[in-house]
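S.K.: This is what each chain is made of:
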Amino acid sequence: MPSSGEAHCQGAPQDDGIATPLAAFIVMMLIAAVAPAHAGEIPLAERRSGYDMMGRDTRAMQDDDTANPGMLWVVEGEALWRRKSGEANRACADCHGDAGQNMKGVAARYPAFDVKRGQPVDLEQRINICRGEQQKATPLPLEGRELLALTAYVARQSRGMPIESSDKRLEPFVEAGRDLFTRRQGQINMSCAQCHDDNWGKSLAGAPLPQAHPTGYPIYRLEWQSLGSLQRRLRNCIVGLRAEPYAYGSPEYVALETFLMWRARGMSMDSPAVRP
Amino acid sequence: MSALINVPAKAKRGEIITIKTLISHIMETGFRHGVTGDLIPRDIITSFVCRYNGEEIFRAELFPACAANPFITFNTVATESGTLTFTWSGDNGFSATETASIAVE
Numbered sequence: 001m002p003s004s005g006e007a008h009c010q011g012a013p014q015d016d017g018i019a020t021p022l023a024a025f026i027v028m029m030l031i032a033a034v035a036p037a038h039a040g041e042i043p044l045a046e047r048r049s050g051y052d053m054m055g056r057d058t059r060a061m062q063d064d065d066t067a068n069p070g071m072l073w074v075v076e077g078e079a080l081w082r083r084k085s086g087e088a089n090r091a092c093a094d095c096h097g098d099a100g101q102n103m104k105g106v107a108a109r110y111p112a113f114d115v116k117r118g119q120p121v122d123l124e125q126r127i128n129i130c131r132g133e134q135q136k137a138t139p140l141p142l143e144g145r146e147l148l149a150l151t152a153y154v155a156r157q158s159r160g161m162p163i164e165s166s167d168k169r170l171e172p173f174v175e176a177g178r179d180l181f182t183r184r185q186g187q188i189n190m191s192c193a194q195c196h197d198d199n200w201g202k203s204l205a206g207a208p209l210p211q212a213h214p215t216g217y218p219i220y221r222l223e224w225q226s227l228g229s230l231q232r233r234l235r236n237c238i239v240g241l242r243a244e245p246y247a248y249g250s251p252e253y254v255a256l257e258t259f260l261m262w263r264a265r266g267m268s269m270d271s272p273a274v275r276p
Numbered sequence: 001m002s003a004l005i006n007v008p009a010k011a012k013r014g015e016i017i018t019i020k021t022l023i024s025h026i027m028e029t030g031f032r033h034g035v036t037g038d039l040i041p042r043d044i045i046t047s048f049v050c051r052y053n054g055e056e057i058f059r060a061e062l063f064p065a066c067a068a069n070p071f072i073t074f075n076t077v078a079t080e081s082g083t084l085t086f087t088w089s090g091d092n093g094f095s096a097t098e099t100a101s102i103a104v105e
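So the protein lines, in turn, are chains R and C.
Every letter in the first sequence is one number past the one before it in the numbering used here, and letter 175, counting from 1, is 175.
Every letter in the second sequence is one number past the one before it in the numbering used here, and letter 77, counting from 1, is 77.
Hints in this document: simulated from the structure, not taken from any laboratory.
The beta-carbon is built from N, C-alpha and C at its ideal position, and this holds for glycine as well.
Treat the hints with care, as some may be off.
[Stated by the list, open to error] Computed spacing ranges between beta-carbons, pair by pair:
hint	chain 1	residue 1	chain 2	residue 2	range
1	R	Arg-83	C	Glu-28	24 to 34 Å
2	C	Glu-98	R	Ala-93	22 to 32 Å
3	C	Thr-97	R	Arg-117	23 to 33 Å
4	R	Lys-116	C	Gly-54	50 to 60 Å
5	R	Arg-56	C	Ala-100	20 to 30 Å
6	R	Gln-134	C	Gly-30	39 to 49 Å
7	C	Ile-16	R	Asp-114	47 to 57 Å
Based on the provided sequences and hints, a complete structural model is requested.
M.R.: Next comes the structure, spelled out in structure tokens:
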């Protein structure tokens, strides 16, 4: 069930023992005054990656390239990068050359604005667009092993680089993403921001609540026992709110991704990250 | 399928070295049901063997409780220069072999 507005979020005021309609009205006005969208936005200097909140063992697993299972996809992605594909019989490497040089920093600025489409596309979509237009190949299925592998390989080249979100053309999409991030949704009737802006660092079902910065996607999530995209992670939270998840590749997900990258601007990339 | 092996390229004779291996495998337990209610058949790696210049130095048996993409790490003594061979085998005829070389001074 999609959300109602901000003001009726907290249950009926009379539940809190307020006797008169006037008092109820005052309380509602107060809630309305306090609640607007960016109440809890995290100051830039207080931002922390999910990496900083996880245990020592999981951090060690991520840091060692021969223990980080995400690297299995990176290795596969490297092979796919060189493999000729489609009617054009061309490999990614035939145009882009050495990914270590030419893909450096690319993942750190995605989703990026696509002029032809007039909207941002994320890295997975960019790879599939390239497949269609340059390789004349069929798009790889979203969340499939091959697309994740290629994405991980490209994202790996940006490790340690700061996330960049300065393109003015992205602004309306950042705003659309912010709107989705701060909008209450689902049967639980909560917004992303209520956990990740207002209550980060506390516990949710025994696990620390992170700030939700997309520094390391695609991530190897131990719970999944697999690599997964940011969209899969977003789907996870949306299902947790008992809301209807969007279809993979939908503009809503891309807007959320665009907003999250803006929100994490300047933070260091750590793909492929390991997360609990 | 891909595997990652971490063996030190060089070691002193008699030195204890750490070997790390990681392989991609779904490790389907055989206990889960699919959307149709049917049991998803078991598909796991059941054994792992490491040989050092042909001699078996480490063996592990794996079971359905092992997570996907098994990571196995162990120590051995660097005795001589040569090749370490790693073999994983399992259900549905799964078999994978990787090698790494080590120089012992």
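S.K.: Against each hint, give a clear statement of whether it holds in the structure.
M.R.: Going down the list of hints, with the structure as the test:
Taking the beta carbon of each, Arg-83 of chain R and Glu-28 of chain C are about 27 Å apart, inside 24 to 34 Å as hinted. Roughly 24 Å separates the CB atoms of Glu-98 of chain C and Ala-93 of chain R, a value that falls within the hinted 22 to 32 Å. About 46 Å separates the C-beta atoms of Thr-97 of chain C and Arg-117 of chain R, a value inconsistent with the hinted range of 23 to 33 Å. Between Lys-116 of chain R and Gly-54 of chain C, the C-beta spacing of about 59 Å keeps the proposed range 50 to 60 Å intact.
Judged by the Cβ atoms, the range 20 to 30 Å given for Arg-56 of chain R and Ala-100 of chain C holds: they are separated by roughly 27 Å. Separated by about 42 Å at the C-beta atoms, Gln-134 of chain R and Gly-30 of chain C satisfy the suggested range of 39 to 49 Å. In this structure the supplied range 47 to 57 Å holds for Ile-16 of chain C paired with Asp-114 of chain R, their Cβ-Cβ distance being about 54 Å.
Hint 3 from the list above is the single one not met by this structure.
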